[in-house]
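Take a look at the letters that make up each chain.
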Amino acid sequence: MQFPASEFSSILIAAIFVQNVVFVMLLCSNNFFKTAKSPATGLIYSACITVCVTFASAGAWLVNRYLLVPFGLKFLAPFAFVLVIALLEVVAELLLIRFAPALHRRLGRLLPATAFNCAVLGIVFYNIQTSPRGFFGAVFYGFCAGLGYILAFMITAAAMKKLEYSNPPTAFGGLPIALITAGIMSMAFMGFMNIQILY
Amino acid sequence: MNENSGDLNEKAALEESAQAEATGPAEGAVSPQAAGEGPTASELLALLRRGITARNPVLVRALALAPVLFVSTTLKNGLLLAGVTLIVLILMSIVSSLIYTRIPAYLRAALLTLIAAAFVTPLCMLSNTAAPNVAASVGIFLPLVAVNGIFLSRAEHFDGDARLLPAVIDGAANGLGFALAIILLSVIREVLGSGMLYGRVLPGMQNFSFSFALMPAGGLFALAFLIAIVQFARQNRQRKEQKSAGRDRD
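Line by line, the protein sequences give chains A and B.
Numbers 231 to 429, taken from my numbering, label the letters of the first sequence in order.
Numbers 7 to 256, taken from my numbering, label the letters of the second sequence in order.
Heads up, a few of these hints could be off.
[As the list claims (entries may be wrong)] One side only, chain A facing chain B, incomplete, derived with CB under 8 Å: (1) C278; (2) V312; (3) F402; (4) L405; (5) P406.
[Unchecked claim] List of simulated lysine-lysine pairs, DSS-like, C-alpha gap at most 30 Å: (6) A/K391 to A/K304; (7) B/K82 to A/K304; (8) A/K304 to A/K392; (9) A/K391 to B/K82; (10) A/K391 to A/K267; (11) A/K264 to A/K392.
[What the hints assert, rightly or not] Residues on chain A that point at chain B, a partial pick, calculated with CB under 8 Å: (12) L257; (13) C348; (14) F365; (15) F366.
What the hints contain is simulated information worked out from the structure, not anything from laboratory work.
Even for Gly, the Cβ is constructed at its ideal location relative to N, Cα and C.
Based on the sequences and whatever the hints tell you, model everything.
Here you go:
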């Protein structure tokens, strides 16, 4: 198996900017705007999503390549991918309970929300089904898409910080103004839309 | 045709404002103290109305934003996703009210999501054969119904007490609330974006297209305005209630 540097660099740019998870694919998880108000928790959450999506991409690629495709079971993909993510989540939770109970008390409620959201499963689907890559390419794409999520989160959190000192109409307070901020950022990311990246 | 979508917006706002009364008393309808006798029909109706309006999963609780934003480009897509979500939510509310308290805590989310995925997979196959074009344009958001967070959130809040009927009604209410939001948004975006509704060109809008409404940014803006209208109606309602309460005290 080859590791052409050009392929990996184009995956990096594509996953972070051209197909940004939140602003272009709209795969924001349910907690994206809620956690944007408390950046510290949100950053941990986004980092957890990055880790989760990297491992899930690896698992889903293996399942897809060695179980679904050879046996003609592609229609079972939703169940199989959720199964991979669920196994990861349970293993992570059991490891935390066993080896770091204090951390588990702090982050335990975060774990299910990290594993089961549209961002993780959506990235896995895009990664595995719509554009076939090699194993390392798929894992790297998952990791970079997670980085794209962190980038989107940091932009939104910074914008929300500024919004605290501004005075939007009361009807727009809270979620609507956050959505409009994301919409403006999405317009900015539309600038990347026509970039053709070969990989 | 902008007036059309405007009308729909106002309708939603009116429904939203009608919800405020339902909020207070309906809170008691699900209290575990009443577990002894079965809930009355009016309580169940209030529960249904509350799920669609005051606790609307998309417009009020901001759950499942991703599918609503991405899929709502045409009414056909919206209807398909709304249908699948409604079916899955009803089935999941039955399952989770039966087994929620019997699963150890660390397995709950994983097991419930897996069961949801097991429901979603055949529905995906069904919609792939019944409406292949629509299913293809909804794409990955059909399987993503399994992780949209609505049933996990309602399982956490609701299924501690395991009565079946209120749980099913609550699940259906959440599904209908989701459907209301996605259908409103997709009507607005399809009419604005392509001058069509349900794939048919609307009279007088043959050459109309404002394709920005179909882009991700357009979806975010449209949802922001929809939620702002809802919030405006709620705040108006609260202000009126406070005023009338103040007058009573005088």
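Hint-by-hint comparison with the structure:
1. Contact between A/C278 and chain B, as hinted, is not supported at the beta carbon level, the nearest pair being about 14 Å apart and thus beyond 8 Å.
2. Because the beta carbon of A/V312 sits about 4 Å from the nearest beta carbon in chain B, less than 8 Å, this interface hint is met.
3. Annotation: interface hint on A/F402 holds; nearest CB of chain B at approximately 5 Å, less than 8 Å.
4. The criterion of a C-beta within 8 Å of any C-beta in chain B is met by A/L405, whose closest approach is roughly 5 Å, and the hint holds.
5. Given hint, A/P406 at the interface with chain B, holds; its Cβ is 4 Å from that chain's nearest Cβ, closer than 8 Å.
6. Distance restraint check for A/K391 and A/K304: the Cα-Cα separation of roughly 44 Å exceeds the 30 Å cut-off, and the hinted pair is therefore not satisfied.
7. As the CA atoms of B/K82 and A/K304 are separated by approximately 25 Å, the hinted pair is consistent with the 30 Å bound.
8. Note on A/K304 and A/K392: the hinted pairing is violated, with a Cα-Cα distance of about 46 Å set against a maximum of 30 Å.
9. About 38 Å separates the Cα atoms of A/K391 and B/K82, which puts this hinted pair outside 30 Å; it is violated.
10. In summary, the hint linking A/K391 to A/K267 is supported, as the alpha carbons are separated by about 8 Å, within the 30 Å threshold.
11. Distance restraint check for A/K264 and A/K392: the Cα-Cα separation of roughly 16 Å lies within the 30 Å cut-off, and the hinted pair is therefore satisfied.
12. Look at A/L257: its Cβ gets to within about 5 Å of chain B, closer than 8 Å, so that hint holds up.
13. This hint holds: A/C348 has a C-beta 4 Å from the nearest C-beta of chain B, less than the 8 Å allowed.
14. Checking A/F365 against chain B: minimum C-beta separation of about 21 Å lies over 8 Å; hint violated.
15. A least Cβ separation of about 23 Å between A/F366 and chain B goes past the 8 Å threshold, and the interface hint is therefore violated.
When each numbered hint is compared with the structure, violations occur for hints 1, 6, 8, 9, 14, 15.
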